[in-house]
Structure formats: structure tokens, C-alpha cells
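**Q** Model the full structure from these sequences, guided by the hints.
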Amino acid sequence: MPVVLENLGKRFGDGAPVLDDVNATIASGEFVALLGASGCGKSTLLNIMAGLEAPTSGALEVPSDGAAFMFQDAALFPWLTARENIELALQLRGVGKAERRAKANELLELVHLGGAGDKRPHELSGGMRQRVSLARSLAQDRQLLLMDEPFAALDAITRDLLHDELERIWKETGRTIVFVTHNVREAVRLGQRVLLLSSRPGRVVEEWAVTEEHRTDAGLAGQLTGVITARLREEIRRHAK
Amino acid sequence: MPNNPTPVAASAPDAAPAPSPDRFRPADEAAGFDRPDATPRAASGAPSVHAALTRTSTGHEDLRQLEAGLDSLQSDAVRKARIDWSRILLPIAALVVLVLIWQFYVSLGVKRRDLVPGPLDVLGQVGVLWGEGKLQEAVWTSLQRGLVGFLISVAIATPVGLLLAQVAPLRRAFGPLISGLQVLPSVAWVPAAIIWFGLTDATVYFVVFMGAIPSIINGLISGVDQIPPQYRRVGTVLGANRFQMAVQIILPAALPGYLGGLKQGWAFSWRSLMAAEIIAVGGTIGFGLGSLLDQGRVLSDMTVVMAAILLILGVGILIELLVFAPIEKRLLRSRGLLSGSTR
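Residue numbers (our numbering), protein chains in the order written: chain A, -16 to 224; chain B, 10 to 352.
Warning: the hint list may mix true and false statements.
No farther apart than 35 Å at their CA atoms in a straight line, the calculated lysine-lysine pairs in the DSBU-like style are these [to be verified]: (1) A:Lys154 / A:Lys80; (2) A:Lys86 / A:Lys154; (3) B:Lys143 / B:Lys120; (4) B:Lys338 / B:Lys272; (5) A:Lys102 / A:Lys80; (6) B:Lys143 / A:Lys102; (7) B:Lys143 / B:Lys272; (8) A:Lys102 / A:Lys86; (9) A:Lys102 / B:Lys272; (10) B:Lys272 / A:Lys86; (11) B:Lys338 / A:Lys80.
Everything labelled a hint here was simulated from the structure, so no lab data went into it. In this text the structure is predicted, and so the values were computed from the model without any measurement.
**A** Dropping the structure here:
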């Protein structure tokens, strides 16, 4: 089931609109990178898609079972082990006790953390925590996965690896992913499509398709990155007074 | 799903890439293999340029290895725990020093011996009380009442505290009252309790409840207030209902603050109990440590008074050392909150 945003608008109280007339269609199984500078309402848009906030105008169509969500910080519960964190998501989804453990182990295996299930979050590195968090959002078993700058706080080496990892998992699970980022390289590296949001108010101003060639040809990818960066800066410059 | 076969998928089975030398080269070759129209890209720049923009690993197995390597580099080596003797010896040394100072002061003879007895006199009195069986009776009676009163307080205060912390109108309505009750010394309830319940155990328990319950509720509420807002959001996203949110997310998240409240609640129970026992003597109220203390006052026997004070203090220290300290330490350690503290 696709995600459709139609003339979506959001304002808080009487303030200036955060989002204004956002239009986008995201096909099932698609990986879309949502790119924008600060203040473009990226997180608000995700919250609306997740059902955590209501839009003030416009309409949106999302899968009826809601969306899985992954945050910038792993937001794992420190009193639970890695496996228990995943099991909690399964339990809240209504998975039976007997099935939970096996399913959690399977998901840990999927993110290459088969041996770390009994560790507490504070014993894991930032990258490992984010992978547990990814496994937990997969445990929610929703077709739509919303990711709010999940790799922004990681070091460059780890981030590069997690890009490969996320791409692999996306292909294995066939999820629809909306990935919010302010990093142009990240958007080009991951998205099949890159949507650029303007700032204040947020609105989709341009989009680019990223092909399989871009995945392997650094020259092509670099070129596209340059084009998108130029457009993004143009958008930022508009706000200089 | 993408329709062009990806190099990763095409060159799967994962086990297939034998440890060949080109394993760690960026995906160029694998990609070229898949798309015959692709031009050889041998000269397309240094691999470092690729890093952020294109695939950096050459397959599932390669990715697994890289991640495993990074994981082990980024994880701390496990440090072995060993018994820290200073933790045991330092408190004992401090105690010895204090007793020596006490003995030294007494031996100066500034005050009459019956007003300020020495450590040995008090120890002798403890022996006498033990021989009479009075000491065991007093400690047992008080400890039993203190624990029962405390446990009932916990059972009452926990749901009430959770409810107050979760339901904003209730909290606004009753919050100030609960905080106020914590400030009100529970001894103030003793006269009222004696009038209502007479010289019975009910009086003692009532006073204990009035001391412990507000303080446990307050501890729980402040624990809940300190929960990172992110936890609630995660709970909502994971689909927790109100009850699941309270029991499976809010309560465990608030546990450090709650435990602080429990500790304070115990302290208030114990203090209130002693106050009640000192003031309300006789009737069907049993013989507790407070009663022993009051008896010493009536008989003007300073050794009994001091023995009772030290016993009350001793029980408090023992409960802290044997019950609360281990629980707290375990709790903090499991959440990674203990490193760098002076505990």
C-alpha cells in the first residue's frame, strides 16, 4: 500500500506554518530519502506519518496498521537487554511468549548481533545500539518504516557500514522506508528517490531519482550530490536577510 | 523492490566470495560483472572517494566481518570484579576511631560516669539486656512492626504514586497535599492516633503509614518526572496502551527514583515507629526499642538509654547495608550508571 500526502499542512497554534502544501506519493517497497536543512519540518512530517501528530490541513493516506519508527538516538530501554528490548516490541504487538524469543533471535541475527543479545544497551557501541534499534523497529512488523536521522550521531566508519547494512535489510525485507536526513551524501547513498524539502515552511521543492548506477559509480553519485547540494544551498540562501 | 539485479544479490550466496585478494576492493568489479555495458572503471578514482557515496562492502559476508570487527573495537573489554577491601576496612576503622574518642573523653572524667557512661559500660548493659531477653524482644518487636508497616506502605503508595504521576488533574489536585504530608513530622499524628485507636498496635501502624506513604509516593513521582520523554514516545510508537505504558515502561524507567523513595520511606517508617513507641507506652502495645529507650529515661539509667539509641541506629545501618545498598548497586550497574561514582 502506497503512502500518499496531499496538500499536507501543519502549524502549531497561531505560529507560521511548519509544513505547507506537502505533496508526495511513496510506492510500496520504495526507499525515499527526505532531505532538508534545519527547520524544514522533517521530523514533524515523520510524526504526522507515524500518527503521533495530526496535520492541520490536507489529507494523508498511510497503511492502516501504522508505521514503525526509528529515532536518532537508539532510545533503547536501559533496564532491558538487547534481546528483551526487541521482545518488548513483539509483546506490545501481541506476539505470544513462546514465539517471541525465537523471533527476537532471528532479528538480532539479521542485524549481525546474534552474540550480543544478552548485553545491556550501555555495554554496546553506538553502532550496535542503532542496529538493535533497527531490529526493534523491524519487530513491529509494519510495512512502513520511518527513520528520523538514525545515523546522524555515529562516526563516519560506522555510518558507512550501516548504510550498506540498511540497504541489505531493505532488500531482504521489502519494507517501504522514509529516511529523513540533512546529509546529502547519505540521501544519495540510500534513497531511490531524494525529496528536497524547503525550510519554513516545509514543502517538497524538487526530487531526484537515484539509479543503480549511482550505487557503484562514485563519479555519478558525486555529480548528483553536487547538484542536490547546490539546490539545497539555494534554498538556505533564501533565508539570509 | 528495485528491478535491476544488484551486485550484492547477484553475487550472493554469501558463502561464495572466497577469500580472494579483491575482496576489499570497492564494488567495481562485481558491478562490472553484472552489467556488460558498463565501462571498466579501474581509473575512476581512489576508493576513499567511494566511501560515503557508494557501497563500501562487497557482499553480505564481507559486511558481517567488517561489523564484527568494528563491534569488537568499539566495545570495552570486560573488567574483572574483585573484592575491594577498602570498602569493608574503612568503615570499620572509622567506627574504631569514634569509639576510641568516646572512651578517651570518658576517661578524662569531665562528667559524672552515670551521666556519660563509657563504651564498655554500655556494652555491659547490652549484655545484661541480652541475658534478660529484653533486647531480643525489643529488636524483634520493632523490626517486625517496621517491616510490616513499610511493606503495607509500599503496597499502598506504589499504585497511588503511579496514578498521580500519570493523571495530570489528580496530580495537580493532590500533589501539594502529599508534599505537605511529607514535611509534617509523623510524630504529630501520635496524639491523634492515641485518641482514635488507644494504646494498641493500630496506633503504631497508623503513625508509620503517615510517615512512609507520602515519602514513597513523592519518590515515585519525582522518579517518573525524570524519565526521558523519548521513552514515552517509543512506548507510543511500539503500541503500548495506558496500562502497559505504566507498568512496562514508566515504572521500570522510574526505578532509580522509586528506589530512592523506598529508602526514604523506610527511614520515615523507622523514625515514626520509634517516635510512636517512645510516646505511646503500655496498653496492648508491645515492648519495642522505643519502649526500651523510654524505660531507660524513666529509670534514669543512661547505659540503657545509650544502648537503645545505638541499637536503633544499628538496625537502620544494617537494613541499609544488607537490603538497600545491594539492590541499588545492582540496579545502577545494570543501567551503566555506576562508572565514575564514589560508591
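**Q** Of all the hints numbered above, which does this structure not satisfy? Sort the numbers upward.
**A** 6, 10
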